[in-house]
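**Student:** Please take these sequences and the hints and turn them into a complete structure.
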Amino acid sequence: MRSAQRESSAEAKQAPRSKDGGRAGHLAFVAHEMRNPLSTALWSAELLARLSPEERGGPRGEKLAGMCLRTLARLRHLVEDHFLADRLAVHGIPVRIEGIPLAEALTAAAGRVAGARYEAAVDGFVVHADRAMLERALEALVAVAGRDGTAVQVAAERGQGVVRIQVRGAPPGEDPFRLPDRSTPSDPTGRALGLLAAQSVAAVHGGTLEVCDGGYLLSLPVDPSGEER
Amino acid sequence: MNRKSPLILVVDDDPDILDAICDILDVEGYAVARARHGEEALERVAESRPDLILLDLMMPVMDGITFAHALRGRRIEPEIPVVVVSADGNPQKAASIGARGFLAKPFDIDALLAHVSSNVRPHEVISPVATRS
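First to last, the protein sequences are chains A and B.
Using this note's numbering, the first residue of the first sequence is number 153, and each one after it goes up by one.
Using this note's numbering, the first residue of the second sequence is number 445, and each one after it goes up by one.
Honestly, the hints are just simulated from the structure, not real lab data.
Mixed in with the good hints there might be a few duds.
[What the hints assert, rightly or not] From chain B, some residues computed to sit far from chain A (all C-beta separations above 10 Å):
#1 Ala-477
#2 Arg-518
#3 Pro-535
[Claimed, not checked] Under 7 Å between C-beta atoms, here's a sample of chain A residues computed to sit facing chain B:
#4 His-184
#5 Arg-187
#6 Asn-188
#7 Leu-190
#8 Ser-191
#9 Thr-192
#10 Leu-194
#11 Trp-195
#12 Glu-198
#13 Thr-223
#14 Pro-337
#15 Ser-338
#16 Pro-340
[To be verified] Have a look at the derived ranges for each label pair, beta carbon to beta carbon:
#17 Ser-561/B - Gly-210/A: 21 to 29 Å
#18 Ile-520/B - Ala-273/A: 57 to 65 Å
#19 Ser-561/B - Leu-221/A: 28 to 36 Å
#20 Gly-542/B - Arg-208/A: 38 to 46 Å
#21 Val-505/B - Gly-313/A: 39 to 47 Å
Values in this document were obtained by computation on a predicted structure and should not be read as measured data.
All residues carry an ideal CB built from backbone N, CA and C; glycine is no exception.
**Tutor:** Following this line, the structure appears as C-alpha cells:
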C-alpha cells in the first residue's frame, strides 16, 4: 500500500510539473496571486480599525468587512490548493482510502463553493478515495466549471476498474492543466491553483484528470491499492 | 473638465484591489478613476487627464509596461506622473518605464498616501488634454 502511494505521489509530482517545468516561475505566480488578496485584506482591516464604532456599523464598515472576508476566503483557497499540491508531491499527506458515496462527497464539496448551481447524476456510485482529498478535488472542479455563475452538471459512469466523473460548465481554457506561471491570468475568485490541486489528488489516487467533451473528466480507480479493504 | 480635487487613475486587473485603493483615495479627498488594464487606462487618460496614475504591471489585454510606453508616446504635457503598484517585487521594471515611485504589494496605506501626495502633479482645475505635435 505504502509503495503504491509513493508511486502515485511521484506521479502527482510529475504530472502537473512536467509540461512547463519552471518551478521558479510557478512560485512567482503563486506569490503574485497571493499578494493581491493579502493586500486587500490588510487594507480593509486597517481601514476598519480606523473607523469610529458608529462608522463601523454603517455602510462603509459593512463594505470593508465584506471586502476583508471575501479576500481572506480567496487567500485561503490559494494557500490550501498550493499546499495540497505541494504536500502531495512530497508524500506529505497520508492517503486514507475508504468507500465514499459520490453524491455525499459532491454535496459537501459544492456546499463550500459560494453561489454554486449544479445538477448531479451520481447516485449509487461509490468512489474509493481519501474523503478530504476527493471533496477538495470536487470542490475545485465545481468552482472552476461554475465560474461566472455558470450552471454545472456532474455525471458519473463506471469504466474498467474506474469511476469516471464528468464535470461540465464553463468551458475549460486553452491548456488548463499547464502549470500556472507569470503569464497565467489572475483569478479574482482565488481558484487559480484549483485544477493543479485536483490533478494532484487524482494522481495520488492513481487516477487522472483531463479535459473531455468540453468539460473535466476525473477518473478514479475503484481500488487503487489493489488490496482488500 | 472642472475638478476641485486631484484626479488619480488607478489601473489594476484585480477588482478587489481597485475597490480598496479607490476607497482609500476617495476618503482622503482625491477624485478617482479606474481601469482594469492598459487599454482602458488609455481611454481614461483621453477622457480626463489624471494628475497621477497608480499602475499595476501584470494585467491582461495590455500590461503596465506597454501602457506606460503608449502613454509616453502620446507626449502629453505636462507629463502625467506614474507610480507602479505591483505584486512583482522587482522595482527595476518601474524604473525602466520612468515611474516616479514603486510600491510592492502588500504595502501600507500610509505608504500609498505618501507616494500619492508627493507625486501628484500640481493640480489644474480646467485641464483639456494638451499634446505636443
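**Student:** None of the hints should be skipped; say for each whether it holds.
**Tutor:** Evaluation of the provided hints:
1. The Cβ of Ala-477/B lies farther than 10 Å from every Cβ of chain A, with a closest approach of about 19 Å, so its non-interface assignment holds.
2. Distance check for Arg-518/B against chain A: the nearest CB is about 27 Å away, which clears 10 Å, and the non-interface claim stands.
3. Distance check for Pro-535/B against chain A: the nearest CB is about 15 Å away, which clears 10 Å, and the non-interface claim stands.
4. Look at His-184/A: its Cβ gets to within about 4 Å of chain B, closer than 7 Å, so that hint holds up.
5. Annotation: Arg-187/A was flagged as interfacial toward chain B, and the flag holds, the nearest CB pair being 4 Å apart, inside 7 Å.
6. With a least beta-carbon distance of about 5 Å to chain B, the hint placing Asn-188/A at the interface is held under the 7 Å criterion.
7. Nearest Cβ of chain B to the Cβ of Leu-190/A: about 5 Å, under the 7 Å cut. The hint holds.
8. Annotation: interface hint on Ser-191/A holds; nearest CB of chain B at approximately 4 Å, less than 7 Å.
9. Using the Cβ-Cβ criterion of 7 Å, the hint placing Thr-192/A at the interface with chain B is satisfied: the shortest such distance is roughly 4 Å.
10. Because the closest C-beta pair between Leu-194/A and chain B is about 5 Å apart, less than 7 Å, the hint holds.
11. Hint on Trp-195/A holds. Least Cβ distance to chain B is approximately 5 Å, under the 7 Å limit.
12. Contact between Glu-198/A and chain B, as hinted, is supported at the beta carbon level, the nearest pair being about 6 Å apart and thus within 7 Å.
13. Annotation: Thr-223/A was flagged as interfacial toward chain B, and the flag holds, the nearest CB pair being 5 Å apart, inside 7 Å.
14. With 7 Å as the threshold, the beta carbon of Pro-337/A comes within range of chain B, its nearest partner Cβ sitting at about 5 Å, so the hint holds.
15. At its closest, the beta carbon of Ser-338/A sits 6 Å from a beta carbon of chain B; the interface hint therefore holds under the 7 Å criterion.
16. The restraint placing Pro-340/A at the interface with chain B holds, with a minimum CB-CB distance near 6 Å, inside the 7 Å limit.
17. Taking 21 to 29 Å as the suggested C-beta distance range, the pair Ser-561/B and Gly-210/A conforms, at roughly 27 Å.
18. The hinted range of 57 to 65 Å is satisfied by Ile-520/B and Ala-273/A, whose Cβ atoms lie roughly 59 Å apart.
19. As the Cβ distance of Ser-561/B to Leu-221/A is approximately 30 Å, the hint placing it in 28 to 36 Å holds.
20. A beta carbon spacing of about 41 Å between Gly-542/B and Arg-208/A agrees with the range 38 to 46 Å that was offered as a hint.
21. Checked against the hint of 39 to 47 Å, the pair Val-505/B and Gly-313/A passes, with Cβ atoms roughly 46 Å apart.
When the structure is compared with the earlier hints, no violation turns up for any of them.
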